[in-house]
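Enquirer: Going down the list, the protein sequences come from chains A and B. Residue 72 in my numbering sits at position 72 of the first sequence, with consecutive numbering throughout. Residue 221 in my numbering sits at position 221 of the second sequence, with consecutive numbering throughout.
Incorrect hints may have been included.
Interface residues of chain A toward chain B, partial, derived using beta-carbon atoms under 8 Å [unchecked claim]:
| # | residue |
| --- | --- |
| 1 | I15 |
| 2 | H16 |
| 3 | P176 |
| 4 | A179 |
Chain B regions said to be covered by chain A (calculated; three or more residues, Cβ under 8 Å) [stated by the list, open to error]:
| # | segment |
| --- | --- |
| 5 | 231 to 244 |
| 6 | 354 to 362 |
Calculated from the structure, these hints are not laboratory results. We put the CB at the ideal spot given by N, CA and C, even for glycine.
Listed below, chain by chain, are the residues.
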Amino acid sequence: MNAGSHISKGLVLKIHPDANEGLVRVGGFTVPFHDTVAPHDARATVVLIHGTGGNARTHFHTLFPMLAAKYRVLAVDLQTPREGLTLGTFSRQVAGVIEHCVPARSVHVVGYSLGALVAADLAASNPHTLASLTLVAGWTKADSQQRLRNRIWMRLFETDQDLLREFATWTAYGHPFLAGRSEADVRALVEARVFPDGIAEQMKLNANADLCGKLASITAPTLVVAGAHDQMVPTRQTKLLFGGIPNARYAVIDSGHAIPQERPAQLFQIINEFVTDPESVPAGEIRERMFV
Amino acid sequence: MASTPLGYPAPDSPVDVIIIGAGFGGLGLGTQLAREGKSSFIILERAEEVGGTWRDNHYPGAACDVPSHLYSFSFRPNPEWSRMFAPQKEILDYLRHVPRDENFHERIVFGAEVTSARWDEAAALWNVATPKGDFSAKNLVTAVGHLSEPKLPNIDGLSDFSGSLFHSAEWADEVDLAGKRVGVIGSGATAIQVMPEVAKIASEVVVFQRSAPYVTPRPDRAYSDQEKGLFRKMPESIQELREEMFWSNEERYAQRRGTPTLVSAATQVALDHLHRQIQDPELRRKLTPDYIIGCKRVLKSNDYYPAFVQEHVHLETDGIERVEGNRVITKDGGSHELDVIVACTGFETTDLPIAYRIFGRNGLPLSERWSNGMQAYATTAVHGFPNLWIINGPNTGLGHNSAVYIAEAQIDYIMAAVNFREAADLPALEVAEEAEEAFMDRVDRLAEGTVWLEGGCRSWYVDHRNGRLTTLWPEPAYTFRQVNAHFEPEPYLTGSEDETVEQVLIAAR
Ligand SMILES: Cc1cc2nc3c(=O)[nH]c(=O)nc-3n(C[C@H](O)[C@H](O)[C@H](O)COP(=O)(O)OP(=O)(O)OC[C@H]3O[C@@H](n4cnc5c(N)ncnc54)[C@H](O)[C@@H]3O)c2cc1C
Chain A
1 MNAGSHISKG LVLKIHPDAN EGLVRVGGFT VPFHDTVAPH DARATVVLIH
51 GTGGNARTHF HTLFPMLAAK YRVLAVDLQT PREGLTLGTF SRQVAGVIEH
101 CVPARSVHVV GYSLGALVAA DLAASNPHTL ASLTLVAGWT KADSQQRLRN
151 RIWMRLFETD QDLLREFATW TAYGHPFLAG RSEADVRALV EARVFPDGIA
201 EQMKLNANAD LCGKLASITA PTLVVAGAHD QMVPTRQTKL LFGGIPNARY
251 AVIDSGHAIP QERPAQLFQI INEFVTDPES VPAGEIRERM FV
Chain B
1 MASTPLGYPA PDSPVDVIII GAGFGGLGLG TQLAREGKSS FIILERAEEV
51 GGTWRDNHYP GAACDVPSHL YSFSFRPNPE WSRMFAPQKE ILDYLRHVPR
101 DENFHERIVF GAEVTSARWD EAAALWNVAT PKGDFSAKNL VTAVGHLSEP
151 KLPNIDGLSD FSGSLFHSAE WADEVDLAGK RVGVIGSGAT AIQVMPEVAK
201 IASEVVVFQR SAPYVTPRPD RAYSDQEKGL FRKMPESIQE LREEMFWSNE
251 ERYAQRRGTP TLVSAATQVA LDHLHRQIQD PELRRKLTPD YIIGCKRVLK
301 SNDYYPAFVQ EHVHLETDGI ERVEGNRVIT KDGGSHELDV IVACTGFETT
351 DLPIAYRIFG RNGLPLSERW SNGMQAYATT AVHGFPNLWI INGPNTGLGH
401 NSAVYIAEAQ IDYIMAAVNF REAADLPALE VAEEAEEAFM DRVDRLAEGT
451 VWLEGGCRSW YVDHRNGRLT TLWPEPAYTF RQVNAHFEPE PYLTGSEDET
501 VEQVLIAAR
């Protein structure tokens, strides 16, 4: 992944001044991580799992420092094999990094987009590792609407990556977010879009992953976060996650799919509140609109 | 209760609440008291009109720099804002409507500058003196603002300047600037609004800059008729917009925690703006800040830099040595002949004049309690000053979001405190010293590592008497509400008899 090359060049700034960058061997993979660990830091640990086509830096550049003011933060850069990618491939990488960095301690896991599916998979198979689980813009099993987008994406990936940049920008952000920006700002968002190695494999996993059989076995207190204007993971899907996980509560942010880019400060507050007291919103309930 | 014909109580009959100041803070609290049907309050305002900041700062170009739908009361949304950043006159009109619409205009005493407020322990009352008479109240709330005392620079000979000299917050409307040579001292939030306007009519403008500000694009625009119609018909659309503005401002908070990646991205936005608008390398150099972004207020303007490209506008970066007659002499011996000097030099923020006029238990002046820098529990209450509540005092400034949001959180706190005291039938609420110290330790810890303390600039956020961040809240605005909006009685009850405390706490729950 591109994060690895950034680290070796040493030119790119760290995700956070306190973050130690390291590598762990898990299975056949060398998995990079960013960890704000400091001696005698007894603060709770929040683990961040990025989504499709991203890494810790691109998805959490704002959320990471916000969390780091209060928590030890550990973010993973997932490694994608050439073929045979499953949720288990990723969740084992995350489990390996957690075991290496925070052995025998329970952690708060936050997954975004595909990372949310990885987090849910991790929670189902390692129930004792998780103090809490936050699923941001995750889904249960791609439905026909989502698979249609996935097919368009694949076609454009093979035929016209310039157009794909525009399409992916259009689907990633909420309509109020894009409408509120100048043409030049939107063009900059389009141009900034990159398709790192492994992204097509990840897109296949997006289409095929299926959490349905696992949700009922997730025991950690769970927060499901939805983007009200998400076109990639419509709220129908986040609601199904809320429906399927026994100890879950639900929060909505006025955002598209790119919640960590569109509303990082609000996402931070929601996560912080939940991690501080997972029962502050009782299981089965919807968090009320945040007063501003 | 006896009432004078003016509608406010006779000086000898105490009210529940006296509010000092009729700006956003005082009017917001007045609204909540009036809405709860509490009629026993008055507002003492030294001027002849409401509005505070927005009454005084009527200089050309004056406008807010937090979007108006956010920079207004959450409980008084306004579908009529003409622009994203409304001009001063519109904000003043908005504030003028508040006491009339909320039916408490007759409770404001104008021309009533509070000269002293003394706590009477025996009577458990605050006695307040003004030129309009003496008043007393169970609770005293100061809402006198933290940017309300204009500060002139300390420059040799300035007061003897032979032309016209005035502060931006005391704009001299009678001085016609057309065709004049005008000096603008300062390059902060006010100067960048004033200068382009002055440059339109003056024959020559000299900006005296001590340190270059970061200036970013100002995404201002007018709201269309459709949008205003939508705001009127679907008020929830205002709320959605407000939230979008709020959270996008909150995002900038992460930059202030000194995260290099975010700091460099923010810096880039400002420097790109400078480079797009200024081509001349020398001018660029002078306008490039030499400290970390966010250490001082990040400014928004689209017309400040372009104004310098005009022939008759000059940027002076050599410090001012002295003023002689109608000339400003710089440190390197240069000299500018001027007709008018406008001081855009900010306000007294760390050593508030009102603190010299408030006397708590045993006659202690608040200024003495604060001689080492101001501090308050939950930003609102001070040990030794029972039943005194402060709006927009210590640690309430924000580098990145709306001051009205902060005041609203404090108003919620004060309403709860006032109601609690009354329900619990206690003569006074005085916060315990330990609680206040513990709160301040927490604020100090939060301020560590922020750009304000470590950004290498001299700003009004830090009190130079103790090097502490006393004016600013070092966390996100949302956290301010979480920490400071909810009144808990415990820290106020530690001094009393155990049994009473128990009973009061049981009753409170
Ligand atoms: C030019 C300018 C632009 C600003 N723009 C923004 C912005 O865009 N966004 C933002 O969040 N903040 C902004 N601010 C900060 C602004 O001060 C606050 O947002 C807010 O207006 C403060 O309200 P307040 O009621 O606390 O104080 P003020 O508005 O200052 O009101 C205090 C009132 O108390 C009265 N008073 C003072 N002393 C006494 C006394 N002893 N006796 C009786 N009455 C007294 C004063 O006359 C005044 O009317 C700006 C400030 C300035 C100066």
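Enquirer: With reference to the structure, classify each hint as holding or not holding.
Expert: The hints, checked one at a time:
1. I15: Holds: closest Cβ of chain B sits about 7 Å from A:I15, inside 8 Å.
2. H16: Since the shortest Cβ distance to chain B is 6 Å, the answer is holds.
3. P176: holds, 7 Å
4. A179: violated, 11 Å
5. 231 to 244: holds (count 4)
6. 354 to 362: violated (count 0)
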